[in-house]
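*Asks:* With the hints in hand, could you dock these two chains into one complex?
Residue numbers (our numbering), protein chains in the order written: chain A, 1 to 273; chain B, 1 to 156.
In case anyone wonders, no lab produced these hints; they're calculated from the structure. Be aware that one or more of the hints could be misleading.
[As the list claims (entries may be wrong)] Computed spacing ranges between beta-carbons, pair by pair:
1) A/A235 to B/P27: 22 to 30 Å
2) B/L44 to A/G188: 50 to 58 Å
3) A/K70 to B/L44: 25 to 33 Å
4) A/L67 to B/E35: 40 to 48 Å
5) B/G43 to A/I170: 45 to 53 Å
6) A/I175 to B/K23: 27 to 35 Å
7) B/D42 to A/L16: 54 to 62 Å
8) B/L44 to A/L16: 55 to 63 Å
[Unchecked claim] When the alpha-carbon atoms are kept at most 25 Å apart in a straight line, the in silico SDA-like pairs for lysine to any residue are as follows:
9) A/K206 to B/E34
10) B/K23 to A/L184
11) B/K23 to B/E34
12) A/K96 to A/K171
Here a beta-carbon is modelled for each residue, glycine too, at the ideal position from N, C-alpha and C.
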Amino acid sequence: MASETITAEEYISHHLTNLTYGQHHDGSWGFAHSAQEAADMGFWAVNVDTFGFSLFLGVLFMFVFRLVAKSPTTGVPGGLQNMVEMVVEFVDDNVKSMFHHKNNMVAPLGLTIFMWVLLMNIMDLIPIDFLPEAGKAMGIHFLKVVPSTDINITMGMALSIFVLVVYYSIKQKGIGGFAAELSLHPFGKWGLPVNLFLEVVNLLAKPISLGLRLFGNLYAGEMIFILIALLPFWAQWALSVPWAIFHILIIVLQAFIFMVLTIVYLAMAHDEH
Amino acid sequence: MNINATLLGQVISFAIFVWFCLKFVWPPLIAAMEERKAKIADGLDAADRAMRDLELAQNKATDRLKEAKQDAAVIIDEAKKRASQIVEESKDKAREEGERLITAAQAEIEQEANRAREQLRSQVVVLALAGAEKVLERSVDDETNRALVEQLAAQL
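Just chain B, same shape as in the assembly (with noise of 0.2 Å):
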């Protein structure tokens, strides 16, 4: 148990592991500690992020759907509306129609009816001329008669 060179020869190596530590040891190895703490706070604040992301998406998914499904139902009852206004539109054309339609053909009616009046008298008129003319036996005069005939047939 003697004090000795060993405690010197143990102070020359204490101070060049010391210094070797120091220099070659210790700050890559910190190093590397603090650029991992870094790395994995970055990915916790991504992983946050991306959460905070995805919540946000879905809100806006529901939001989206919510809308389209109102856009729809309107859509729909602007189409049911425009459906029935359509039937109504062509019931009131074809009405329209059919009594257009009528009244041409009843208008045709009158006017043949009074051509065939208008025949009818211009015949009656030859005719009662001709009855007339055989009651007679002769050729009255024509001229004379005439307005009395024709003031008859216009009786009729």
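If we strip away everything but chain A, and leave its shape as in the complex, we get (with noise of 0.2 Å):
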């Protein structure tokens, strides 16, 4: 526990907001001081904090990935390209049995989706307190660690991904192929309102499952690592450390998923019906 004079509630909670830059009710800009406050803002307002820390891990991955990219050995690669390969083919691989079109454009979307979700993931196994904690050392006070934690981050990244899905299946199909697949599906001609609430359903139900299930997944895990965090500080580790070890699981299996259900969605704007 942070320290004795907060509840859990408020603890909790803590933990749970977003450092939020915004207008305040007065007209002025700047962050917000609660909860309520950072609601208040509406749309226009930014979380600097996961926001922040997802364009970080974003260049992060881009700087590494490109540092193996310029100077590639053909040779035998050296610790840092072996790594960079092995995700390289291991993505690769993936795209290649499930997407059978000719698309430049799939797999280095793949990569960026496994990647950078892995590493806004793998913040959650930083330790709950230690960057909030410094954070209020340094006068922020509230630190969202983990952007993936964030519904704004990964809906944005699932709303991205539908819009290439609308994107393709116009662009292979054409916008009436389109919307025949959208409203002669599953009853034919006569079943035209059915079918088209049908599909439609089914192609929004992409883009927001996708999304909340990386969200919920992570807020999930945090929110746990939160709870345990609330024990006696003697007690912690028994149960942190066997959630943090099977978290490592959850962390790389979401990155995956995310990036499988991606391509999958794209093959699939991509069939011919």
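*Replies:* Listed below in structure tokens is the structure:
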């Protein structure tokens, strides 16, 4: 527990509140000082903490991979190149087995998703109070460390993929083809309204489930770390260590699922019915 | 837990990262990996080829060795044959030479004997005449007796 003076409820809600920058009620811009204040800022506010970490991790990923990609040796690769190539080959194998159309964008997209989501998830393994307490020492009130526990981050990626799915559906089949796919499907042309309803729900369920799955898994995982942190300090390790070890699996698995589903959705967008 | 502009920021940065990955990260890495794959395949091929070449060369070498051994055996055989032939030939030649020498010697001996006999004969005539002269104490008609004495000498 962070300190004896705050209650468990305050501790939990503190950990679940983003550092939000936006416009206050009185018209001035600044950081929100409570969850309520952040909610009142409306849409035009930014979660500086999760977005900042997300950007930092994305840049880190790009930096490391670009470092290797700038001068890759075709001989025996060193440690870093080996690791990078392992990830690239893993993604490439998955894409090749699931995506059989000609599209150079899918594999790099899959790599970006896998590595970025993986790095965002790994932030969950940093002990829950390390960075927030460090932030507090520097005068930052709220600090949510794991970007993928922010629904804006996960839905942002899921919606981008939704846009790509719609774009490639129309590109491959034409607007008419896409409309036909949405309206003529399970019950033929006489069941058009029902078809349209079912197919649109089906289409929208893809990005929503994609974003919410990642968010839900990581949010729940972090929540359990927060609850474990409420125990007396000498008992925490007994639960946090097993949970962290188990969480490694979830971290990789969720990144992998996000990538695989993206590839599958894009492959479905390319498929002719 | 609010939906706010973070979502848009994430969309934009996502797009930028994917573009960056597509342009600057993925192609060089894949190219390098493909190149290495080709290199390794080439290397394995070369090793296979070298192995086959080696086997071929070894076969050729043993063949050559066998051939050489056969050749050598033939040559040795021929040489032996030739040697015995030469020995035979020289034996024959020696024998012929010996025979020739013997016949030549015999002919000479005969010649010498004949010559001696002729000399003897002529001397016998002279001796007989002298003996007869002494016996008769006078010179009888040489011409009449000569035929008689030569007849006597031929009978010797």
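*Asks:* All hints are to be evaluated individually against the structure, with a verdict given for each.
*Replies:* Quick rundown of the hints versus the structure:
| no. | hint | in the structure |
| --- | --- | --- |
| 1 | A/A235 to B/P27: 22 to 30 Å | violated, 52 Å |
| 2 | B/L44 to A/G188: 50 to 58 Å | holds, 56 Å |
| 3 | A/K70 to B/L44: 25 to 33 Å | holds, 29 Å |
| 4 | A/L67 to B/E35: 40 to 48 Å | violated, 19 Å |
| 5 | B/G43 to A/I170: 45 to 53 Å | holds, 47 Å |
| 6 | A/I175 to B/K23: 27 to 35 Å | holds, 29 Å |
| 7 | B/D42 to A/L16: 54 to 62 Å | holds, 57 Å |
| 8 | B/L44 to A/L16: 55 to 63 Å | holds, 57 Å |
| 9 | A/K206 to B/E34 | violated, 34 Å |
| 10 | B/K23 to A/L184 | violated, 39 Å |
| 11 | B/K23 to B/E34 | holds, 17 Å |
| 12 | A/K96 to A/K171 | holds, 21 Å |
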